[in-house]
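*Asks:* The residues making up each chain are set out below.
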Amino acid sequence: MKAKHQRLILAAVALCGVGGAGVLAASALRDEAAYFRTPAEVQAGKTEVGEAMRLGGMVAAGSIRHQPDGVTIRFVATDGKASIPVEYKGIVPDLFAENSGMVADGRMRADGIFVADRILAKHDERYMPPQMGDMPKAMKAAPKA
Amino acid sequence: MIAELGLALLWMAAALACLSLVAGSLYLRNGKSDLAALVRPASVAQGVLTAAAFAMLIALFVRSDMSVELVARNSHSLKPMLFKVAGAWGNHEGSMLLWLTILGLSGALVAIFEKRLREDTLVATLAAQAALSLGFFAFLLFSSNPFKRLPIAPPDGQGLNPLLQDPGLAFHPPTLYVGYVGLSVAFSFAVGALITREIGPAFARAMRPWVLGSWIFLTLGITAGSYWAYYELGWGGWWFWDPVENVSLIPWLAGAALLHSVSVTATRNALRAWTVMLAVVAFSMSMVGTFIVRSGLLTSVHSFAVDPERGTFLLALMAIYIGGALTLFALRASSVAEGKKFALLSREGSLVINNLLLTTILALVLLGTLYPIVAEAMGEKISVGPPYYNKVAGPLALILCLVMVAGPLLAWRKDDGRKLWSRLPAAILAGSAVLFGLILFGGKVGVLPLLGMTVAGIVAVASLAPLWGRNLRRTPLPTWGMVIAHFGVAVALAGMAAESAFIKERLVAAAPGETVTVDDFTVKFVGVRPIAGPNYTAVEGTLIATTPSGHSFTLRPEARTFPGLMGGAPTETNEAALLTRPGGQLYAVLGQPVTGADGRAARYQLRLWWKPLVWWIWLGGALIAIGAALSLLGRAQLLTLWRSHRARKAEGRYA
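Line order of the protein sequences matches chains F and H. Numbering (the working numbering) for the first sequence: 602 to 746. Numbering (the working numbering) for the second sequence: 194 to 848.
Here chain H stands alone, though its shape is the one from the complex:
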């Protein structure tokens, strides 16, 4: 029953999306306001029904209802509960339903809370959001029904890919999805504003919390995904420039550009056409990212097997949305009134450069990701790897960071540069201290990491400069947000540069009792023992790492074997062991046994890395997200509301 109910809810939600779209379009065409009154409630109901359908799917996974094909293919009754629930979105159909749920819920939130926009713009926005939902409803209902029953229920399911059985990963895709789909609201706002020609500060202020919110989720998702790849894959890297990583980075870059340009539009009513354009591009990039990976055009660890028919459907859908929005933009761009003027040396000027650099990096990453497809179409098989991305994105990112130093110290409209010059020396001093320190004591360091650490030093000091001479308690939250986010960039940059410059690696075959040294650590390989987990068996190694100061720590890397379910071959994964120290992380992987002359396992392969400051990368990512969240809080004026609420209460008490 649950599956049938879920399907029925989906059809009803799709019908409501249809209603919003038709009623909204008729209203915009004929001005019939009785129809417009339907759009808000229909959007809310659509969101609620879709969420209910998704809850039904989760219920099916929780109950391990193997008569449903999706559950049978992706779950197993013995799996821990967390992975049963996560199994609901760890597959193609379920993740599409999650996508639709977020799309519907964001539409509902706009319908409930948005009060600043003109009525017709809001209706146009909701209609655009409904149009987006409708296409994905069609895709889900006609070609990827998650509630499909099997004619005969199998005794048990096929399980979930062992690599994906990690608590962090259970929440990674939903986090990224909230980010991707949150940008859909910016897209719909842009389309709505283009339709009614209401492009100005009100539109930008309505859009800004959505851009900030999605960008927070994207930042968290990318940071968490990077950490997952780091400890779960056992390769020791934190960013591989894998297509799937790139397609999450591309919307993030677009979102970063958008949240800076939208503040120019909101504050100064400038860069209007550009902001609209970016809003369209940002969600387009989310779609391109999600579906190019899905369509099977690019293959990667994260892609689900999808048949070509579905891929074509998704590509056609994307072409309609992106093409439609860009056409609308082209038709209306000339009628977008010119924004307010500004001098090149001004806050706006620096944000324009920020936007140019971000979009250029975006384009270069996109080019590298798509190039193999194009090359393959022309008969050459090519892979584009980290050297390309480091070469093109690295220098541009460093220049971007330098612009970030100047931007916050410039005034809107026009600046004489006095504040900038007065506060720059401290930052430059910090940068040169880092630079000379590295040259004198750092040994041989590559040019890019050297510049990276120097720029990180400059940015770390300069990012705090907007706070100098200010009453900290009266500094508005968005300013705090900006300062913390920019400081986070410096922290992450320092981590990346230090890790790549000073990483130490040892690869040995060690017999139990042997010691290995890596950097300052003396690591003793004690031995191995077999252990059993809930749904796997493993060989666990014991390592004792001793620091120069005599402290000892135990690391237990594992090599796990998951039995093949339903006659499949077993799968093995390496669980790395990490030791986090103030100065970095010690990373240990247990490899394969090496058989001695008598045919018994005499030695084990061990791979040890000392990664200086590596955890600063994720700390920086978290700081960026926190900064953005503070900014969002300030913008949403929740604090002001809370304060006035408290004031009213206090008044009530004395009255």
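Bound-form chain F, shown alone:
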């Protein structure tokens, strides 16, 4: 086998590999990338039940309810235009509070409740999930350090 042929074969293998990886990546991105939605977008029907997504909004005043089991909480996420009830089982992050911003990973349930797997709260002014940067200033009612 000549060196040139060998290079050609290697190049072909590499090309197939890269092509295959591209297809793999594209399909994985289509299936697994989660959209960031605001409550108004959810209400407008932009998401389907059971689809993995990120919900960003403010925790409505007076809406946090602890369930009797002690570990489940319910609250309402709002963006001023629409409100979505959220249920979360777990230990909420330290800065999670009413009237402050939060981002939740999870999915909509058929009964219209958003079930969160993970909740992120605004950590301090140095860290914020990028999507929250665009929310109206008033919603970022976070403590200034």
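Calculated directly from the structure, the hints in this document are not laboratory data. Don't take every hint at face value.
Below, in silico cross-link-like pairs of lysine to aspartate or glutamate (EDC-like), each with a Cα-Cα straight-line distance of 20 Å or less [what the hints assert, rightly or not]:
| hint | chain 1 | residue 1 | chain 2 | residue 2 |
| --- | --- | --- | --- | --- |
| 1 | F | Lys682 | F | Glu642 |
| 2 | H | Lys697 | H | Asp713 |
| 3 | H | Lys637 | H | Asp712 |
| 4 | H | Lys717 | H | Glu733 |
| 5 | H | Lys574 | F | Glu649 |
| 6 | H | Lys574 | F | Asp632 |
| 7 | H | Lys584 | F | Glu652 |
| 8 | H | Lys574 | F | Asp706 |
| 9 | F | Lys647 | H | Glu573 |
| 10 | H | Lys574 | F | Glu633 |
| 11 | H | Lys584 | F | Asp632 |
| 12 | H | Lys574 | F | Glu642 |
| 13 | H | Lys341 | H | Glu197 |
| 14 | H | Lys534 | H | Asp609 |
| 15 | H | Lys533 | H | Glu391 |
| 16 | H | Lys341 | H | Glu262 |
| 17 | H | Lys341 | H | Asp227 |
| 18 | F | Lys690 | H | Glu698 |
| 19 | H | Lys225 | H | Glu312 |
| 20 | H | Lys584 | H | Asp435 |
| 21 | H | Lys717 | H | Glu707 |
| 22 | H | Lys308 | H | Asp227 |
| 23 | H | Lys637 | H | Glu573 |
| 24 | H | Lys637 | H | Glu698 |
| 25 | H | Lys717 | F | Asp670 |
| 26 | H | Lys584 | F | Glu633 |
| 27 | H | Lys574 | F | Glu652 |
| 28 | H | Lys717 | H | Glu698 |
| 29 | F | Lys690 | F | Asp712 |
| 30 | H | Lys717 | H | Glu768 |
| 31 | F | Lys647 | F | Asp632 |
| 32 | F | Lys690 | F | Asp718 |
| 33 | H | Lys584 | F | Asp706 |
| 34 | H | Lys341 | H | Asp435 |
| 35 | F | Lys647 | H | Glu569 |
| 36 | H | Lys697 | F | Asp718 |
| 37 | F | Lys690 | F | Glu642 |
| 38 | F | Lys690 | F | Asp706 |
Chain H: place on chain F using the hints.
*Replies:* Relative to the frame of chain F, chain H by itself:
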């Protein structure tokens, strides 16, 4: 005075970098060798001066000189000394100065120790290193001066983010930085070799210790960072595919590819253009990683607040370096002479596949990290999380591990596969034993963890195969290094797969005195008590975990509150408690109090995990680093030097 001295040292170092660059370029253009003689001493002096400037900054933090803006913003006089020192690099300006210090010191080390390269290639390499430094000097001096004084000194500083006040984290960023910046030397070697067209085994041997060294630091940094995230964040995970984790993983992948391809170039003088290309890519990825996070394009826990102007400066700098190096590569690649030929079934062939897989994984991780930026530019807000990465990187990593089984058992140039076939059955036996054991007794296990554990079994046995039938005392150190590093991969893989397959979790609200069971453990929640630390107060829970065999262990998770300094809001962190057992770790987090009917805290949220074999992940990481270090020792031939030194001494005694 210290601050002014530091600034003056920085300007002098920048001037020396300028001198190295100009003198080096003139020499390469006109061949004036009197100028070339300047480059080595200038590089050494630049490194020393930059390090001295960094020492000045540390001194300012140690003395808590609040008239310096950086100290006032990031330190506090009551902080423990370790965090005062670590505060020097726990911020944007200080970390940039650290970056420059390592850049300068690596240049100095090359200037002092590199003897194997041709003089012109070495000068070109040092000039390239100086050019890299110069850009970052410009950035530091014009837009991020760490020594800036405040017009009026505040009474005390603002403190350091409580999450970052952890001994492990004090050393985590410098470790990663040494790794990132060590790759800059590989970059400069590649640029130097492209300029003088000296691409061959000598260049590869000069570059190899740097690649190995940086990769050791990257491995240690990533392993330690993963452990930090695991116990400090209190989320129980060891890898979140957070952008910042990804940007440390990407240079690591590039470094792994590079250290394999560089050994092909060093031993067989093949894959020459590819090795040069990878050297450029590896440091480019370090820069992209560090500065995309810094520029504020991607936000994450680790990013420092940076104004957009600085971000643009960094992006422009990066574009110049990466663009310049790639242009040079494109101009010279066609003139890089063709390397030595090899058959597809050979050590080289397997390393080519290794490189293809590593770079593919790299590309996919990079794609997932950058995709949200691209999507946002097109008006869609998207987050790419663990499911994507597990789906794309998982299968490829498993295939990579299988290639790792074969590679070391193949001969260079051409192989008949006999050695491979004779040693494979034991490995396959081990793999199938794991597989059947899991299917019979493991219960319901996901496909990826199942394959992961099987492959780990195969790799664990096969990685030792190169040692079979060898005189162990005469086996060269690099071979030992390879065997240990590959074995470490198997250990880490087994840990990852076992943890994700068999993890047990309990989340309860428990009253004092209540018991909770998680896996085989009976955990009694004794109660809570308030405690005070040096700069925080905390609620400490006491848990007594009992194993089936009757041994009891106490765990004390804490919920800490750091007072807000300078009128800020208090910050809370959860300190998890860990119980390490041979079979895994019990991980306990104390959550919030749950108020009862009378309004008093009657119960506390408790989150308990049993994580089988989880510590194997970091053990594997440490083994990989140890393996690489042995390989480096062997390559640097320190042992040979030491032995000949001893031999000479012995001769002297008898003479």
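*Asks:* Each hint needs a verdict: does it hold in this structure or not?
*Replies:* Against the structure, the hints come out as follows:
1. F:Lys682 / F:Glu642: 10 Å, holds
2. H:Lys697 / H:Asp713: Cα-Cα ~10 Å, so holds.
3. H:Lys637 / H:Asp712: Holds, because 15 Å separates the two Cα atoms, which is no more than 20 Å.
4. H:Lys717 / H:Glu733: 15 Å, holds
5. H:Lys574 / F:Glu649: At roughly 16 Å apart (the allowed maximum being 20 Å), F:Glu649 and H:Lys574 satisfy the hint.
6. H:Lys574 / F:Asp632: 15 Å, holds
7. H:Lys584 / F:Glu652: The hint holds at about 17 Å.
8. H:Lys574 / F:Asp706: 14 Å, holds
9. F:Lys647 / H:Glu573: Holds: F:Lys647 and H:Glu573 sit about 12 Å apart, inside 20 Å.
10. H:Lys574 / F:Glu633: 14 Å, holds
11. H:Lys584 / F:Asp632: Distance of about 10 Å is within 20 Å: holds.
12. H:Lys574 / F:Glu642: 12 Å, holds
13. H:Lys341 / H:Glu197: This hinted pair holds, its Cα atoms lying about 9 Å apart.
14. H:Lys534 / H:Asp609: 16 Å, holds
15. H:Lys533 / H:Glu391: 16 Å, holds
16. H:Lys341 / H:Glu262: Judged against 20 Å, a Cα distance of about 6 Å means the pair holds.
17. H:Lys341 / H:Asp227: This hinted pair is violated, its Cα atoms lying about 39 Å apart.
18. F:Lys690 / H:Glu698: Holds: F:Lys690 and H:Glu698 sit about 13 Å apart, inside 20 Å.
19. H:Lys225 / H:Glu312: Roughly 12 Å separates the two Cα atoms, so the pair holds.
20. H:Lys584 / H:Asp435: With Cα atoms ~16 Å apart, H:Lys584 and H:Asp435 stay inside 20 Å; holds.
21. H:Lys717 / H:Glu707: 6 Å, holds
22. H:Lys308 / H:Asp227: This hinted pair holds, its Cα atoms lying about 19 Å apart.
23. H:Lys637 / H:Glu573: 38 Å, violated
24. H:Lys637 / H:Glu698: 16 Å, holds
25. H:Lys717 / F:Asp670: Answer holds: H:Lys717 to F:Asp670 is near 18 Å, not above 20 Å.
26. H:Lys584 / F:Glu633: 9 Å, holds
27. H:Lys574 / F:Glu652: OK: H:Lys574 and F:Glu652 at ~15 Å, within 20 Å.
28. H:Lys717 / H:Glu698: 16 Å, holds
29. F:Lys690 / F:Asp712: Holds, at roughly 17 Å.
30. H:Lys717 / H:Glu768: 19 Å, holds
31. F:Lys647 / F:Asp632: 16 Å, holds
32. F:Lys690 / F:Asp718: 8 Å, holds
33. H:Lys584 / F:Asp706: It holds: about 18 Å lies between the C-alpha atoms, which stays within 20 Å.
34. H:Lys341 / H:Asp435: 33 Å, violated
35. F:Lys647 / H:Glu569: 17 Å, holds
36. H:Lys697 / F:Asp718: Cα-Cα ~16 Å, so holds.
37. F:Lys690 / F:Glu642: The hint is violated at about 24 Å.
38. F:Lys690 / F:Asp706: Since the Cα atoms of F:Lys690 and F:Asp706 sit roughly 12 Å apart, the hinted pair holds (cutoff 20 Å).
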